[in-house]
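There are 2 protein chains.
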Amino acid sequence: MLILRDAFYGIRRFDDFQSSLGIARNILTSRLKGLVEAGIMRKVPYQTHPLRHEYRVTEKGRDLIPVITTLLAWGDKWESKDVPVTLIHKDCGEAMHAKVVCDHCSKELTAFNLSIDPIPQVVQERVTATRLAKA
Amino acid sequence: MLILRDAFYGIRRFDDFQSSLGIARNILTSRLKGLVEAGIMRKVPYQTHPLRHEYRVTEKGRDLIPVITTLLAWGDKWESKDVPVTLIHKDCGEAMHAKVVCDHCSKELTAFNLSIDPIPQVVQERVTATRLAKA
Chain A
1 MLILRDAFYG IRRFDDFQSS LGIARNILTS RLKGLVEAGI MRKVPYQTHP LRHEYRVTEK
61 GRDLIPVITT LLAWGDKWES KDVPVTLIHK DCGEAMHAKV VCDHCSKELT AFNLSIDPIP
121 QVVQERVTAT RLAKA
Chain B
136 MLILRDAFYG IRRFDDFQSS LGIARNILTS RLKGLVEAGI MRKVPYQTHP LRHEYRVTEK
196 GRDLIPVITT LLAWGDKWES KDVPVTLIHK DCGEAMHAKV VCDHCSKELT AFNLSIDPIP
256 QVVQERVTAT RLAKA
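Going down the list, the sequences are from chains A and B. If you read the first sequence in this note's numbering, its first letter stands for residue 1, the second for the next number, and so on. If you read the second sequence in this note's numbering, its first letter stands for residue 136, the second for the next number, and so on.
Just chain A, with the same shape it has in the complex (with noise of 0.2 Å):
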């Protein structure tokens, strides 16, 4: 997650990864890989003598912004040790926080105005067990 935020900050090449990160080299080779083989980023070359290649973030990556940008408020509500980041909206000019909302009413998202159809079967189960237990 912190290699994708850096991606979108702009770094693309492993040493400059590493320095932004501080983590040993072979734990970052290997998220890295990670992270190319789930499509996230991919491997461009950008010389060939010697070859070398930086990493880029697809468009399966860049999807993912929903996601580190609701994390991103939520670690600025709950985490306030960490460093705020401001997220700039280009489209309005303002600083703002992610909010999700529902894509038919447009209505904020709540964890009371929520529920999941079909709950998988073993929770179900699992569920009902509990409450018969209660009873």
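No wet-lab data here; the hints were simulated from the structure. Honestly, I wouldn't trust all of these hints.
Partner residues aside, some chain B positions facing chain A, computed with beta carbon under 10 Å [to be verified]:
#, residue
1, L199
2, V202
3, D226
4, A230
5, H239
6, I251
Glycine included, every Cβ here is placed at the ideal spot set by N, Cα and C.
Starting from the known structure of chain A, arrange chain B on it as the hints suggest.
Coordinates of chain B only, in the frame set by chain A:
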């Protein structure tokens, strides 16, 4: 994340998480401990002889709903091998996908109408260095 998803389904007890997720008990113990330490779940006794606890999602945990719903929407689009989960928005009764909007102008957020301010110093330096090297 899967533990939290199950908790939102209504699962509360260790054995039920274990049946639902099918992960090793020691791994589940350590994950639940991490969630409790992070303040995302809390342990509540449900019987005293013998003492037994269940795990409930806290307010901090419930605030992760936007993150989870955006991740589900991403998964439905990109990882179609997973069973799709239908979220019902109780306010309008419709099956919904989470949509992330700017909390000022309510327009949808994308990777292309967002900038970060300020870019952290270390990232700024790296990006500048990369750009200079390219020039």
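Hints the structure fails to honour: Every hint satisfied by this model.
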